[in-house]
Amino acid sequence: MDFISILSIFVLACFVGYFVVWSVTPALHTPLMSVTNAISSVIVVGALIAAATAGSPVSKWLGLAAVALASVNIFGGFAVTQRMLSMYKKKERRDA
Amino acid sequence: MHEAAAQPSWVLLAYLIAGVCFILALRGLSSPESSRRGNFTGMLGMAIAVGTTLAIHEIASLPEIAGAMLVGGGIGLITARKIQMTAMPQLVAAFHSLVGMAAVLVGAAAYLNPEAFGIASRITPILGPSVISILPVSRIEMGLGVAIGAITFSGSVIAFLKLNGNMSGKPILLPGRHVINFGTLVAILALIAYFTQDQSPWIFFTIMGLSFAIGFLLIIPIGGADMPVVISMLNSYSGWAAAAMGFTLHNSAMIITGALVGSSGAILSYIMCRAMNRSFLSVISGGFGAVASSGEAAAIDRPYKRGSAEDAAFLMKQAEQVIIVPGYGMAVAQAQHAVREMADLLKKEGVKVKYAIHPVAGRMPGHMNVLLAEANVPYDEVFELEDINSEFAQSDVAYVIGANDVTNPAAKSDKSSPIYGMPVLDVEKARTVLFVKRSMGGVGYAGIDNDLFYRDNTMMLLGDAKKMTDEIVKALG
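Protein sequence lines correspond, in order, to chains A and B.
Here numbering that gives the first Met the number 0 is used: position 21 in the first sequence is 20, and no number is missing along the way.
Here numbering that gives the first Met the number 0 is used: position 80 in the second sequence is 79, and no number is missing along the way.
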């Protein structure tokens with residue numbers, strides 16, 4: 000991919016983000032933060048590339064450390080979001 | 000061109016699908032019903048991204064990678080399960096710092112082994128050994144990614160320490176801090192520009208070091224009440240760091256995610272600033288709440304009405320509608336369960352109970368909503384400021400628990416007040432205001448007195464928020 004196509008993806012994604020996030024209900028702003036936290040750990044992709052390749056041992060260990068940190072975030076972020084979201088309940092019906 | 004451009008098209012497609020999954024995950028948050036499915040979509044996206052990466056690389060160190068994921072994932076899962084809901088702001092700050100650090104580490108790894116990332120070209124001069132040269136565009140992207148990552152890391156660490164109480168929430172003001180901060184930022188940008196000409200390690204690591212320093216310097220002058228803005232801002236930075244790394248790695252999943260998270264954090268910061276009627280710049284420059292207002296000392300002697308739990312219970316029992324206004328104090332006292340118990344008893348008496356939430360109540364966006372959800376308060380009883388403000392006039396009782404500045408009528412009338420113009424909850428329009436507060440001495444985070452305490456229709460309930468609410472529950476039962 001050349002720079003311009005990458006830049007296009009980026010700019011369009013910013014707009015998508017803008018509209019999607021405005022539609023998030025304020026009651027769910029905390030889960031929004033924790034889930035964005037989890038997904039920004041997609042940076043683990045870079046960490047995996049560094050950790051997977053032979054060549055520079057320092058680079059590999061840096062990659063492994065980054066994999067560990069990002070994993071804390073991925074698992075922790077999605078799990079805590081799930082835990083929060085499962086607490087949001089509607090009013091129980093009176094006749095129930 | 001270079002290696003990263005040569006990825007097979009199914010790989011590009013897989014990363015794109017992962018990116019779309021993340022968009023859908025955020026889209027799901029538009030309502031609580033769709034949110035849980037959205038979260039699963041996000042997990043799916045992550046699995047696709049990780050799976051694809053592992054599939055296309057010759058993995059020389061699978062056991063180590065599995066180990067790192069297991070350790071990290073385990074820590075993450077245990078933390079997510081154990082963490083108290085009141086500690087959510089700290090947790091989010093801690094998670095932000097990890098994203099920042101991961102970005103820095105990936106950037107450093109890419110710098111040390113650029114060929115693995117396909118961002119280098121080998122130049123073989125006629126004389127001498129061949130040199131690995133990182134592509135100039137990649138150098139900018141890498142420099143920016145590392146800088147933003149480092150700022151996110153050190154800023155989030157400070158935010159964590161402040162939120163967790165390891166560090167005073169009071170702003171720390173260094174002399175000449177604006178000059179220092181501005182100078183450091185300019186130096187970082189200049190070094191990134193110079194980095195395109197010269198890829199020596201000292202430049203790379205100076206960029207990193209200065210960025211760690213600036214993240215620290217930017218957050219220490221910001222006080223506790225502005226934390227909702229700070230935490231949203233750091234959320235945004237962690238996204239931009241991921242996006243910058245995505246540019247370096249030519250990875251669309253990272254770029255889409257980075258853009259999503261970046262704009263999400265930016266919008267949240269904007270919403271928080273608007274809810275405090277402050278400009279983003281004034282929050283960032285810090286110092287709010289550092290100056291104790293001079294009116295405070297004089298105000299302490301003003302007469303006020305004090306009530307007991309029994310009085311409060313009696314008033315609320317007679318009411319037709321009670322609006323509960325929670326704030327950070329409720330989180331500190333862990334009073335959310337007691338509040339819900341009180342509301343249940345009132346509902347049994349035929350009283351209508353609603354909750355009113357100010358956007359900056361608590362220490363992060365949506366903080367109060369999560370706490371109330373934890374205490375089993377149905378989310379359709381919880382209302383945002385604009386939706387409920389007109390109802391105070393028709394309510395018999397406003398029960399203010401742990402909120403202060405967001406109820407201060409001075410924001411509407413007193414032009415000299417530091418919070419003038421901030422949208423506030425019109426609690427004083429209710430027939431009676433029951434204001435739970437530890438003591439009369441303390442002031443809110445803005446450091447200003449609240450005129451509400453001394454009004455004729457206000458009854459002060461002095462005591463710990465949880466104890467007071469428990470006593471009211473007893474009196475009602």
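Be careful, since some hints might not be right.
[What the hints assert, rightly or not] Calculated pairs, SDA-like style, for lysine to any residue (alpha carbon to alpha carbon, straight line, at most 25 Å):
| # | chain 1 | residue 1 | chain 2 | residue 2 |
| --- | --- | --- | --- | --- |
| 1 | B | Lys353 | B | Glu470 |
| 2 | B | Lys473 | B | Ile387 |
| 3 | A | Lys90 | B | Leu111 |
| 4 | B | Lys353 | A | Ser55 |
| 5 | A | Lys88 | B | Ile387 |
| 6 | A | Lys90 | B | Ser33 |
| 7 | A | Lys88 | B | Arg277 |
| 8 | B | Lys351 | B | Leu475 |
[What the hints assert, rightly or not] Counterexamples of contact, computed for chain B against chain A with all Cβ distances above 12 Å:
| # | residue |
| --- | --- |
| 9 | Gly71 |
| 10 | Ala212 |
| 11 | Gln393 |
Hints listed in this document are in silico derivations from the structure and should not be mistaken for laboratory results.
Using N, Cα and C, we set each Cβ at its ideal position, and we do this for glycine too.
Against the structure, the hints come out as follows:
no.	hint	in the structure
1	B:Lys353 x B:Glu470	20 Å, holds
2	B:Lys473 x B:Ile387	29 Å, violated
3	A:Lys90 x B:Leu111	56 Å, violated
4	B:Lys353 x A:Ser55	61 Å, violated
5	A:Lys88 x B:Ile387	20 Å, holds
6	A:Lys90 x B:Ser33	17 Å, holds
7	A:Lys88 x B:Arg277	34 Å, violated
8	B:Lys351 x B:Leu475	15 Å, holds
9	Gly71	3 Å, violated
10	Ala212	21 Å, holds
11	Gln393	21 Å, holds
Of the numbered hints given earlier, the model fails hints 2, 3, 4, 7 and 9; all others are met.
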